[in-house]
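> Chain by chain, the residues:
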Amino acid sequence: MFEYVPWWAGSLGLAGVGVGTVWGLGRTLGVSGSVARVLDWRGDLARQKAEAAFEAMNSAQLRAAMLAATAAEFGIDAVKPPEEPEPIAHFEVAKTDPWTVHAAFLAMLVVGGLVGALIKGQAGIRTTYAASFSALFPSPVVQFMVLAVGGFCVGVGTRMAGGCTSGLGLSGCSRLSKAGFIGTACFLGLAMAFTLLLRSVLL
Amino acid sequence: MFPLFKMESLLKVWKVNYCEADYNKCVRYQKNTCGEDIPKNLLPNGRMLGEPLSGGGNNKK
Chain A
1 MFEYVPWWAG SLGLAGVGVG TVWGLGRTLG VSGSVARVLD WRGDLARQKA
51 EAAFEAMNSA QLRAAMLAAT AAEFGIDAVK PPEEPEPIAH FEVAKTDPWT
101 VHAAFLAMLV VGGLVGALIK GQAGIRTTYA ASFSALFPSP VVQFMVLAVG
151 GFCVGVGTRM AGGCTSGLGL SGCSRLSKAG FIGTACFLGL AMAFTLLLRS
201 VLL
Chain B
1 MFPLFKMESL LKVWKVNYCE ADYNKCVRYQ KNTCGEDIPK NLLPNGRMLG
51 EPLSGGGNNK K
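So the sequences go chain by chain: A and B.
Take the first sequence: its letter number 47 is residue 47 in the working numbering, and every next letter is one higher.
Take the second sequence: its letter number 1 is residue 1 in the working numbering, and every next letter is one higher.
What the hints contain is simulated information worked out from the structure, not anything from laboratory work.
Glycine included, each C-beta is placed from N, C-alpha and C at the ideal position.
A few of these clues could be false.
Unchecked claim - Residues from chain B that keep clear of chain A, each with C-beta distances beyond 12 Å, as calculated:
1) Tyr23
2) Asn24
3) Tyr29
4) Gln30
Said to hold, decoys possible - In silico lysine-lysine, DSS-like type, Cα no more than 30 Å apart, as pairs:
5) B/Lys15 - B/Lys31
6) B/Lys31 - B/Lys12
7) A/Lys49 - B/Lys12
8) A/Lys178 - B/Lys15
9) B/Lys12 - B/Lys25
10) A/Lys178 - B/Lys40
11) B/Lys25 - A/Lys178
12) B/Lys15 - B/Lys40
13) B/Lys31 - A/Lys178
14) A/Lys49 - B/Lys15
When you get a sec, could you build the whole thing from the sequences and use the hints?
Set out below in structure tokens:
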């Protein structure tokens, strides 16, 4: 049986990671979101390229581009010169990290877990499943299929829900987000119900 | 995009036609609801501000 760290230490660690991500990177923590960003690295590069050209424009170029885009979309009549000159204020917009930052974050999740296991002397490759899982699905083929379908559902579900346990549970709830509370209540409640159901089947 | 141009009268044209009319056709809204990142220079019609205007689009002249 594994020996876990005290609950309060885990809580402090998770809170530290969540707060540190907001302070250090200016965004909320989200593992599934980071996975999506890494997988969409081509789109990320294209977005960076498009934004780089945009950000290099000065105020006059911005105004000219906006005039041209508005005229092209709504017709030249929609572009009326203002009665008074309007300043273009450049505000700070939401920061987006390149995909490499997300890749580093995901890689360090693996490294951190490995280091923790090495420190506790638990590092190693396991080729067996939990006893309850093996009891429920004795066939290796079925075990593989169950895990494959489960992983697929997790991937699709987290993208549909806009986050996973880290994004909805840690980041969402800590920011008092309604979606975070609803999402966490749903996946945690269903996980508890399903666990109880399995236990009643197994025992 | 909106913070950049919130003092621009041009923005009002876009807001009337997209935000206040049929926001479902706004590409920025569509991307947001899909959880996708929204480029700063993405216009509601799907074009990128600063890029050449030739090609497809939703022109309504």
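> Work down the list of hints and note, for each, if the structure agrees.
Now for the hints, and whether the structure bears them out:
no.: 1; hint: Tyr23; result: holds, 15 Å
no.: 2; hint: Asn24; result: holds, 17 Å
no.: 3; hint: Tyr29; result: holds, 15 Å
no.: 4; hint: Gln30; result: holds, 14 Å
no.: 5; hint: B/Lys15 - B/Lys31; result: holds, 17 Å
no.: 6; hint: B/Lys31 - B/Lys12; result: holds, 21 Å
no.: 7; hint: A/Lys49 - B/Lys12; result: holds, 28 Å
no.: 8; hint: A/Lys178 - B/Lys15; result: holds, 27 Å
no.: 9; hint: B/Lys12 - B/Lys25; result: holds, 17 Å
no.: 10; hint: A/Lys178 - B/Lys40; result: holds, 26 Å
no.: 11; hint: B/Lys25 - A/Lys178; result: holds, 26 Å
no.: 12; hint: B/Lys15 - B/Lys40; result: holds, 16 Å
no.: 13; hint: B/Lys31 - A/Lys178; result: holds, 20 Å
no.: 14; hint: A/Lys49 - B/Lys15; result: holds, 26 Å
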